[in-house]
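Participant: Sequence:
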Amino acid sequence: MILITGGAGFIGSNFILQWCTCTDEPVLNLDALTYAGNLANLATLQGNPQYHFVKGSITDAALLKQLFDEYRPRAVLHFAAESHVDRSILGPDAFVETNVVGTFRMVEAARQYWNTLNTAGQQAFRFLHVSTDEVYGTLGPTDPPFSETTPYAPNSPYSASKAGSDHLVRAYFHTYGLPTLTTNCSNNYGPYHFPEKLIPLMIVNALAGKPLPVYGDGQQIRDWLYVEDHCAAIRRVLEAGTPGETYNVGGGNEKANIDIVHSVCQLLDELAPATVRTVINAHIGRPVQHYAELITHVTDRPGHDRRYAIDARKLERELGWKPAETFETGLRKTVQWYLTHPDWVAAVQDGSYRDWVQQQYG
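Numbering-wise, the sequence shown is residues 93 to 454 according to my numbering.
Hints listed in this document are in silico derivations from the structure and should not be mistaken for laboratory results. Errors might be hidden in some of the hints.
As the list claims (entries may be wrong) - Listed below are the simulated SDA-like cross-link pairs for lysine to any residue, each with C-alpha atoms no more than 25 Å apart in a straight line:
1. K347 - D403
2. K347 - T211
3. K414 - Q428
4. K157 - L120
5. K425 - A324
6. K414 - T115
7. K302 - I387
8. K289 - Q158
9. K147 - W436
10. K289 - T391
11. K302 - E320
12. K347 - Y268
13. K347 - P243
14. K406 - S239
15. K147 - F196
From just these sequences and the hints, can you work out the full model?
Facilitator: Structural data, given as structure tokens:
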């Protein structure tokens, strides 16, 4: 069995769905079900004996010990994290508690469990920590992409808390010998993405005829990675990664935010043109021919990193992984998924979500 933390979130749920398609090995999902954790993401696994769910926090040391003792996992995949920069600016406490304290509780519980294993069990065990490229800070226009040896320079409470978690995982390998692996990924997108992040927010707002808020000039550049490609990379690192190593995972798609928004609008013009004439007209009171007419530039967020880019050649060279999707094919799949899952979209947009969007974007 493998133990996954945060498996009801965006990347975690996509990983579990992919895992249960590719293997019959059981999976235990530990998730606190905060605002971004959604069991509806995993509804297709209901009644599947391969899948087990426990509601609980990664900061609960007693619960972690109980789960390790009961389920005896051969590996831990640590997805659980507070992950949105904007929310970390408004409320950094939760990010330190979950990302730093929670990761400490996880690696310490894993270490204590690992110490009870025989030699073969210890050699086979893995603790895979899923992290972000944001720990590396920001790049200039001509700087080379982030590599695994790029110095850490986090610029937000979110990225600082993830940097702290990375350092804890590294320390547990070097100090205790716990066989850890770390992956640092670029911006993910795809199905089941909570609509606070750029791409799902643009899709959801556009279909509702609401403004499409773009920070500042929209020229912030990110490397975009389709979530299923990311999950495949994690499976490969779990399978063949060298303990103690870090692997960067990127899609090789550097795009400015404003270009992403225009790409989403163009796909919606193609795939949902009726919405342009009906829903948007009803919401804003005037005819709109194209979704891009809803783009609205808003005040940039504090400390907004200008550019991220990932050098994933180590992962390709050592483990043979490359993304299967181009940005164009992945984005089309993503937009189509949101168009065909209106019930999921409606369910995640509760009152607290609407209040947060209003607070953040005005």
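Participant: Evaluate each hint against the coordinates.
Facilitator: Evaluated hints:
1. Distance hint between K347 and D403 is fulfilled; the C-alpha atoms sit about 15 Å from each other, no more than 25 Å.
2. For a cut-off of 25 Å, the pair hint linking K347 to T211 is broken: about 47 Å separates their Cα positions.
3. Taking the CA atoms of K414 and Q428, the gap is near 24 Å; set against the 25 Å cutoff, the hint holds.
4. Restraint check for K157 and L120: satisfied, since their Cα atoms lie roughly 14 Å apart, inside the 25 Å limit.
5. Restraint check: the Cα-Cα separation between K425 and A324 comes to about 17 Å, which is no more than 25 Å; the hinted pair holds.
6. Restraint check: the Cα-Cα separation between K414 and T115 comes to about 20 Å, which is no more than 25 Å; the hinted pair holds.
7. Annotation: proposed proximity of K302 to I387 holds, straight-line Cα distance about 9 Å (limit 25 Å).
8. Annotation: proposed proximity of K289 to Q158 is violated, straight-line Cα distance about 34 Å (limit 25 Å).
9. For the hint linking K147 to W436, the alpha-carbon distance of about 21 Å falls within 25 Å, and the restraint holds.
10. For the hint linking K289 to T391, the alpha-carbon distance of about 16 Å falls within 25 Å, and the restraint holds.
11. Of the supplied pair hints, the one linking K302 and E320 is violated, its CA atoms being roughly 29 Å apart against a limit of 25 Å.
12. With a C-alpha separation of about 41 Å, the suggested pair K347 and Y268 falls outside the 25 Å cut-off, and the hint is violated.
13. A distance of roughly 23 Å separates the Cα atoms of K347 and P243; the hinted pair therefore holds under the 25 Å criterion.
14. With a C-alpha separation of about 8 Å, the suggested pairing of K406 with S239 holds against the 25 Å cut-off.
15. The straight-line distance between the Cα atoms of K147 and F196 is roughly 19 Å, inside the 25 Å bound, and the hint therefore holds.
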